[in-house]
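*Asks:* Guided by the hints, dock chains L and X onto chain S, whose structure is given.
Protein chains in written order, with the working numbering: chain S, 14 to 548; chain L, 35 to 311; chain X, 4 to 302.
No lab work stands behind these hints: they were computed from the structure.
Heads up, a few of these hints could be off.
As the list claims (entries may be wrong) - Partial list, derived from the structure: chain S residues whose beta carbon lies under 10 Å from chain X:
hint: 1; residue: 21
hint: 2; residue: 220
hint: 3; residue: 256
hint: 4; residue: 258
hint: 5; residue: 262
hint: 6; residue: 267
Since the structure is predicted, the reported quantities are computational estimates derived from the model, not experimental observations.
Heads up, the beta-carbon is just placed ideally off N, CA and C, and yes, glycines get one too.
Chain by chain, the residues:
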Amino acid sequence: MSRPQRRLIGFIVLGTLLVYAVGWAQLVAAQAPRSGNLTIATRGSSEPASMDAQVDPYAITWLMNSWVTDSLVTLTAEGEYKPNLATGWSISPNGNIWTLRLRKDVKFQDGTPLTAEAVKFNIDRVMNPETRSALMANYLGVRNFQKTEVINESTVKVHYTSPVPTVLWGLSILPMWSPAAVAKFGRDFHQNLVGTGAFKMVEWRKGSHIQFQRVTTYSGAPPAQEHVGAAYLNSVTIRFVGEEGILGEVLRSGEVNMVIELPAQVLASYRTNPNFQVVAGYQPGAGLQFIMNTERPPLDDVRVRRALRFAYDQERMNQTLYDNNYVVVKGPVTKYTRCYWKGAEEAYRLDPDRARTLLEEAGWRVNTRTGIRERDGRPLSLVMVMLHHKEIGEYLATQFRAIGVELRPEIVPGPVQLQRAIAGQFDLMYERLRSFEPDDLYSMWYSGNTHVGGWAWSRYQNPTLDQILLRTQATADPRERCRLFTDAQRIITENATQLPTLDSPIYYAMHRSVKGFKLGAFGAFFFIKDMHVQR
Amino acid sequence: MPPAVRAFLRNRGATVGAALVTAWLLIAAFAPLVAPHDPLGVIAASRQRPGPGHILGTDLLGRDVLSRVVFGSRISLVIGTISVGIGLGAGMLLGLPSGYYGGRLDAVVMRLIDSMLAFPGLLLALVVIAALGPGLANVMLAVGTSSVPLYARLVRGTCLAVRGLDYVQAARTVGSSDLRVMLRHILPNLSGPLIVLSTLQVGSAILVGAALSYLGMGAQPPTPEWGLMTAEGRSYLASAWWISTFAGLAIFSAVVGMNLVGDGLRAALDPRARPSY
Amino acid sequence: MIRYIGQRLSALVPVMHVLPGDPIHLMLAGAEAGSVTPERMEQLRKTLGLHQPLHVQFARFVTNALRGDLGRSIRFESPVSQLVGEAAGYTFQLSIAGMAVALTLGLPLGIIAALTENSWIDALCMFVALLGVSMPLFWLGQVLIMGVAIRLQWLPAISGDQTIGIILPALTLGFISAGLISRLTRASLTEVLRDDFVRTARAKGLGERIVIVRHALQNALIPVLTVVGLQFGGLLSGAVVTETVFSRPGLGTLIVKGILWHDYPLIQGAVLLMAGSYVLVNLGVDVLYAWVDPRIHYA
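Bound-form chain S, shown alone (with noise of 0.2 Å):
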């Protein structure tokens, strides 16, 4: 062999080997076990009174029972409802019962089997009054249940009296706990929670934080997870940190690797920091809304409540107090929800003239003295009750003493909340359900709904709205379902019995190393048992 030709074949010889190399390592790296663990940091406020999603009605709460149970039906990020603990479902000719077929195989992380009765016992105990359920009983249609049904060891049935269209949301969102891990603990339950999922919590430190540890016999398969098996993190902590300040910091100085609720006013940094990954989840439902009381004066009158739409500008709202990090709402629902009517972008715009033409109609003078304005020697005072994002309070404050009137915005905690909001201690509450289905607005506008859990605070009678917000309950096509909604929206805006303000995305901002983050249908969600942390 010439030196020409020996040199061509050692070329060869040694390329092929590089490329084996290479492709050796590439899949020696492909294999390594994903793992990692996982520290969140996200609001104070959002730790929740109960872990128990069952009982405890926000968005948070239902996220974190997702890593340690699995529920019967999955919403995927899609917007479609797929089977997840049950393999099947159908309903009835007339709509009202539901039959739900079971996986044979699940047992729940104290050992015992997930099966007909185990489900029963869980719809059972949501639709219980002594539960307190305020939110998921809705969902699953307390009004019109009936009883829940063994068939066999992997069939139920769920009788209704009428039709209720959003069960298979509830059914997406709703925990299945142990029967017997929850006979066991009792009242102390939702601190030793028990079900079928990739984690375990483990320790719950309030006002500080929440850990959770993989379960490596976890049997998870699509479409809870992508993979086949045990969840890739070790752990899961979750902080909860009091000071928004901080919050925007944490992530940057390396104290977590995801923050969940990121604040506006840091964003842009994050955003431009090639380390940071920052994903916007865009919510559904009701936005930051302030609901008015429409049984008490002076809100009563609706040319007061229609004043009020006038005397604010949302678009400016944003750009003065989120650097427009925030989504603008103009009516009842947010623009990511499903029906939502364009119309209510139109119906009102900053004019404090008109404001100040209509509350003067309502026979409300200005006291030159005070600045605000008098009837009968009584103040146009309102009280404005609220959970979080106190500066949208103070933001309204400063737009309505411009037209004469006087709000004052007091935070409360979640239960002080309700209780107010049933008693009717307000002028003005805020009510932010956040669900996938467009239900909210006959959960939130249908006047018969103020009993046990009832979100029908604004007390408004208007016939016609309720025939609506009815029909649409019974009716399962989606496009006349669509309409009726629509309908509701444009009367709930003509009469002013809201004030819309602003959505807040939910922000997530994770550090380059975490991965396989996937959003939910709804913003508030999203898909842990995939993710892992890169070394």
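*Replies:* For chains L and X alone, kept in the frame of chain S given last:
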């Protein structure tokens, strides 16, 4: 010029303190003239840096920080003086009869005072707020209440000391009414220590009042109270530090002034007095 | 002695029962969101014994408290004793750390000031002390967060249960307390240095250092000891604010949240524990006092 005043003026710290306090008093009195803008009005873009037009910048809602700091002085000074007034008044009411008459009345009052002293300062104020609810008026009541034991003990102590003196005994034997004895003999002995204590307590009241507002128990938005303003700027420490910083600085300077004056008064009125911290 | 302790602790009792609010209404508030019927309320009232006169109720509270049952928190839906027990550790940690900083800063400052009385060193030390006494704690805390944790990133911002997270809060607390301690040490020491017996000791010809160290300091430290006990109260108060500023768990955070959320069982439990520990610490100081100063003894 009385020797005490001369001593006071010679003390450099005290004069600086007096200057600070006078400055704040003037600012508070003439706030509408000193402040360039309406403290409650949205006049500019949100969170503007300090610069021309807004020397101390603007806050989240676009309100001028300087104007808010200026008007805040009124609130803090009112909190300071009224709380001290409450403490002084109640303290005298408790301490005078208790020290003068002694006996069962004294025992009961002492138990009450001990009860209150079982709670360190802010904690007592917090219990009062928990009972009454948040709000500026309640803050003044709370802060005033938490200083009552201090005054009561001081008054009672002086009473006890003076009551045994010969000429006081003589006055009582002669038939002077109790009230007369208290006014003519005891009060003059009290005035010095009470002035010193009150001056120092104004500073303390401003601090505690601001702390309560910082915690959300005192002044409510949109009141331009210094403690509340510091709390409001909390979320923006990294992006808009001026919202918190100047309000805190205002509290600091006002309290430094009051403390310097108080120390100066103590030194001037009784250079050998045991410090009654 | 036991009687004395009991007496001191019972001083807490009258103030505790100041808290208002219909506890039933509040308990049912979040709970049954709307199903509060008059019958249900009556039933609960009977179960909890709230239909009995106030003094009976209060006696029950006290007996329960002694047994360790402080009721249930409305917001957190767990026993108050559990919440308060967990939180107490953090607060005491912080108070002790703060006290350590305060003593290490304050004592030397006060001693130096006293030894160099009326010099520029004295003025400087007392100026620093004045800063500590006049500075709002929450402001100092925020400035430190902004400077050290955010700008310089030397220390973490969330402390939670990590030990490193106690540095900034302890420094904040400590600096403020150091102000008072140094002023007091100086005042007390200068007075003692003027005292006759020190002059006598000097006249006897003992080395200056021995004179100062053994006699003056010993006597000066007695009132300082008292103040340390009282300052513990100041530290507890300061801890309330410090915990909020640094988002630390603890009794202070519980009290503040409890008040804002009208969670009266929680407030009662946390305040009781804080005040109780203050009383106990002062008792301890009294005992130490008696031991250090042989002229005092308790009947």
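*Asks:* Okay, which hints does this one fail, numbers in order?
*Replies:* 1
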